[in-house]
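Top to bottom, those sequences are chains Y and P.
Sequential numbering of the first sequence, starting at 3, is according to the working numbering.
Sequential numbering of the second sequence, starting at 1463, is according to the working numbering.
These aren't lab readings, by the way, just hints derived from the structure by calculation.
Don't be surprised by glycine CBs; every beta carbon is placed ideally from N, CA and C.
Mixed in with the good hints, there may be bad ones.
Under the rule of at most 25 Å between Cα atoms (straight-line distance), these lysine-lysine pairs were calculated in the DSS-like manner [what the hints assert, rightly or not]:
(1) Y:Lys-184 with P:Lys-1523
(2) Y:Lys-184 with P:Lys-1470
(3) P:Lys-1527 with Y:Lys-184
(4) P:Lys-1466 with Y:Lys-129
(5) Y:Lys-184 with P:Lys-1622
(6) P:Lys-1499 with Y:Lys-413
(7) Y:Lys-672 with P:Lys-1499
Here are the computed distance ranges between Cβ atoms for each label pair [unchecked claim]:
(8) Y:Ser-646 with P:Gln-1514: 47 to 55 Å
(9) P:Thr-1657 with Y:Asn-128: 52 to 60 Å
(10) P:Thr-1562 with Y:Asn-396: 49 to 57 Å
(11) Y:Ser-430 with P:Lys-1497: 54 to 62 Å
(12) Y:Phe-638 with P:Lys-1484: 50 to 58 Å
(13) Y:Tyr-136 with P:Lys-1484: 36 to 44 Å
(14) Y:Asp-404 with P:Lys-1497: 25 to 33 Å
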Amino acid sequence: MLKLKINDKEIEVEEGLTVLQACEAAGVEIPRFCYHERLSIAGNCRMCLVEMEKSPKPIASCAMPATDGMNIKTNTPLVEKARKGVMEFLLVNHPLDCPVCDQGGECDLQDQSMYYGLDKSRFKENKRYVSDKYMGPLIKTQMTRCIHCTRCIRFATEVAGVPELGAIGRGEDMQITTYLEKAMESELSANVVDLCPVGALTSKPYVFEARPWELKKTETIDVMDAVGSNIRVDSYGWEVKRVLPRNNDDINEEWISDKTRYACDGLKNQRLDTPYVKIDDQFKKITWKEAYDILTKKIANVLPDKIAGLTGDLTDMETMYIVKEFFEKTIKSPNLDCRSDHIYVDNSNRSNYIFNPTLNGIEQSDLVVIIGANPRFEATILNSRIRKSYLNNNLQIFSYGDVGNLTYPYKILPNDTSEIKSLVDGDSQLSKKIISAKKPIVILGQSFFKIKSAQTLFDQLNNFLKSNGKINNEWNSIGVISNHSATVGAYDLDLINNESSRNITLDKIQNNTNEILFLFGQDNLNFTKKNEFVVYIGTHGDKGAEMSDLILPGAAYTEKESHYTNLEGKLQKTYKASYPPGDALEDWEIVNKLSELIKRKKLFKNKNELIDSMINYLKLKKDKGSNTLEKSKNEFVNEKIAISEMDYYYSNVIARASKTMSECKNSLLKLMKTGTDG
Amino acid sequence: MSIKKISKYQPEKFEFNENNLKISKEIISKYPEGKQKSAVMSLLYLVQNQNQNWIPLAAMKYIAKLLHMPYIKVYEVATFYSMYNLTPVGKYFYQVCTTTPCMLRGAYKLVEACKEKISKNENEISEDGNCSWVEVECLGACVNAPMIQINENYYEDLSKDKLLKIIDETKNGKQPKPGSYKGRFNSAPETERTTLNNLKNA
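For reference, chain Y alone in the conformation it holds in the complex (with noise of 0.2 Å):
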C-alpha cells in the first residue's frame, strides 16, 4: 500500500495506480478527455493537470504513477489556471456548433467547460476545418470538432482488435480516420460513439432524433445474443431510440456489440399489432375474441397428441414457464420443445449447458480450445474477452477449424470429429497441454452439438477433463456458447423433451403428424407446413408469421418485465421500456386466456404469481435436478464439424426487421467484394 497526501489529505492506495485513480479514491474528480479506464493510457489531452509538490510544472495525473510520499494537491489556483490554459487551447478549434450537435447534453467537453470555459475567445484566428470522414453504416463523423483525445483509436485497436483506425497528418492538422476511409469492419464498432468526449463520431441510425434529457431511461437486459449485455433502453413516448451500455464487470464491462445497439429500429419495423387469420392465403385483421374462439375451438376438435409446440429465440422465461403449464395441464400435450432443430443437449445437470468457466473466468484462463463456434459473431462480448485475455494474460487458443478472423491470432485444426476423439482420449498434442494447463476453457458451440456423435464426445469429453482435475468445485472447464438469449432459460425450465438425445417433437413435427402447431415467437422452423394449423404467437411478421393460420401478437423484450438467463446461466431481469403496439399483449398473457377459455381456469392469477411459481421450480430443480438422458448408444462416427455460418446482423426477427442492421450487412458485403482488405 501507498501513502500519500492529497488536498492535505492522508489516504492509502494500492501499488499500481495512477495519481488521477489515487485521487478519486480519495473522493476528488479529476477533469479528463483522453482517459479511460479500460484503455491504454495517452495522456495527450492534459486535461488531468494537478500539482505535485517538488515538481515545478503541474503533471498529467493520468499518466503518472502514484508513489509513497506524494503530496498532489487539485484545487490550488495553479490548477485552475492550467486546466482553464489547457480548455482554451481545446476551444480554438472547436466549431461554436453545440445547438445543432446531436452529443449536446451528454458531451464531456461542453461538461467541462462550464468549469474552466471562458466566456469569450481570445482566438482571431480562422478555425480550423477537418474533412468528415466515413467511418460506415453506424458512425456518423463531424471531425471538426475532434479535439484528438485518441480514445477511438486506442479503442479501435484494444478492445475490438481492427486496427483499422488512424491519426494521420500531425499537430494541428491531425485527423483520425480509418484506412483510406473504409467502413470499420468490427461487432463493437459502434461503443467509439460512446467514448468520443465530444460529437466527433455520434451515432448515424440516431442522428437528430433526441435530445438526452427528452428520454425515458430504462435499465435493462439485451437478449441479441446469450451474453445478456446490461443496456440502458432509451424512449421517447412508444418508439425505443437508442441502446446504450450500463456498466456490468461481471458480463459486458462496458462494452456492447452493434447488433445490440442498432437492432432497435427493428422494434418498429414489421409489427404485428392485431391478431391476423389466414383466410384463403390472405391475412385478415379480427379481434382478439375472435382469435379465442376460432383457436379454442381447434384445440377442443383436436386430441392433446396432435398438438405441438416451440418456443423461439427471443422468448423470455415467464413465456416459456407459462407455456410449458399450459402444455401439461391445460391440453395435456407432450410436444414441446425449444429446439428447431436435432440439437443435443443433456439438461440433467446445469453444467452440461453454460459456459462455466464465467465471462470473468476467461481472464484467469491460460488455455482456450474452441471446438464448433466462431465466438466474434456468436458472442461478440465474450469475444472481446478472450482478446483482452490473448493481450494481458498471452493466452494460448486453439480452434478446430478455421473460423475467420477472430482478432487474436489462433492455431488452426482440423475440425474432423476424429480429432476430437483423439483429444478426449489424450492421445493429441493438445490433450497434454489441456492437462498441464492450470485453468483450460474448451469452448464448445452449438455447431458441436449438432454433429452425430455429440453425446458420445461430449461425454467423453467431460470424462476426460474430470479425470484430469479440469472439471473441479473450483473450475469447470466446459464452456458452452449458446446462440441465443432464451437458450439457457429453456433449458433450465426443462423445455426439452428429454426422452431421446433427438429432438422428437420437431422429428414429429417435420413428419407433419401434427394438427395444431404453436410457434412462440420461433422463427426458424425449417418444415413445410400440410395441414397443420399453425398457430404464431409473437412480435414480428417472419418466416414463422408467413406460415401461420393465425397471428396472435406479442410483446418484445423491451416492452415487458421478464427474465432471461445468459450463457453463463445468469438470471437476469429485463424492464419495461415502451408497451406493445395496437392490441398486441404480452405473450404470457395470452396463453393465460387461452387456458381460462380452454379449462375456465386461468393457470396463474397475475404475473407475480407466475414469477414466484418460476423461481420456485428453478429452486427446485437446482436441488433435485432431471432426468438424465440414457447413456448414449449413439456410438461415434468420423465427420466433419460444420462450423454453421451465422448470418451477424440478421440473427434475430427483431435484427431481420432492422433497417440499420440490413445497412450494416450491404456494407459488409460491398467490403468484401472490393476487396479493400487486399
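Following the hints, position chain P against chain Y.
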C-alpha cells in the same frame, strides 16, 4: 502546413526491385525479433528512392504486408513526416529552404527563379515533366545560405542567376555539380581565412 494530399494517380502495384529487396531485408534484420515494425521509416525512404521520389498507396500496403502491420499504421507514418512525398514529384525535386537565415540572404529570389523556370506553384511538375519544387523549412546549411536541395544533394551560396543555370542544366538532363557556388570548400570562410592566428580579415 496542412495535411498531405494523396495523389489521385495511383499505380496498381508496387514491389521492391531485387537490389532494394536485399537492402530491405538487411534493414529489417537490424531490429530484434518482434520489433520489425521499426523498419517502416527506412523502408518508406527506400520506396521513395526506387519510385521517382514518391510513395504510392500500393507501396504502403506492400510495406505493411512485409512488416505484418496494419495499413493504417504505415499510412500514419507516411502522412506524419514531411519528407515523404505522397504525390508524384519531378525527377529533379527542388526543395528551397525559406527559413530565416536563408530568407535573409535572399531565398525568395530563388523561389522566384523556380516559379519562372519550373512551375507557377509548389508541387507542380514542370511542363517537360523533369522538375518540381517545394518550399521547405531549415535544411541545416545556414552557413551557406541561401541554399536548395535537389534530390540528395545540396546546392549552396546561390543567387537567382546561378539557380536559373542549374535549372537549365537539369532540364537538359545533366546532373549539376553539388556544393557551394561561391567556390569555397564546404562552409569554409569566404575570405580564405582558416585559422584564428591571422586577425587581418576578422
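Structure-based check of all given hints:
1. Y:Lys-184 with P:Lys-1523: Status holds; Cα separation ~15 Å.
2. Y:Lys-184 with P:Lys-1470: Holds. Lys-184 of chain Y to Lys-1470 of chain P sits at ~17 Å (cutoff 25 Å).
3. P:Lys-1527 with Y:Lys-184: holds (18 Å)
4. P:Lys-1466 with Y:Lys-129: holds (18 Å)
5. Y:Lys-184 with P:Lys-1622: violated (47 Å)
6. P:Lys-1499 with Y:Lys-413: holds (23 Å)
7. Y:Lys-672 with P:Lys-1499: With a Cα-Cα distance of about 30 Å, the restraint between Lys-672 of chain Y and Lys-1499 of chain P is violated, given a limit of 25 Å.
8. Y:Ser-646 with P:Gln-1514: 47 to 55 Å: holds (51 Å)
9. P:Thr-1657 with Y:Asn-128: 52 to 60 Å: This hint holds: roughly 54 Å between Cβ atoms.
10. P:Thr-1562 with Y:Asn-396: 49 to 57 Å: Since the Cβ atoms of Thr-1562 of chain P and Asn-396 of chain Y sit about 53 Å apart, the hinted range of 49 to 57 Å holds.
11. Y:Ser-430 with P:Lys-1497: 54 to 62 Å: violated (34 Å)
12. Y:Phe-638 with P:Lys-1484: 50 to 58 Å: Cβ of Phe-638 of chain Y to Cβ of Lys-1484 of chain P: about 54 Å, so the range 50 to 58 Å holds.
13. Y:Tyr-136 with P:Lys-1484: 36 to 44 Å: holds (40 Å)
14. Y:Asp-404 with P:Lys-1497: 25 to 33 Å: Cβ of Asp-404 of chain Y to Cβ of Lys-1497 of chain P: about 29 Å, so the range 25 to 33 Å holds.
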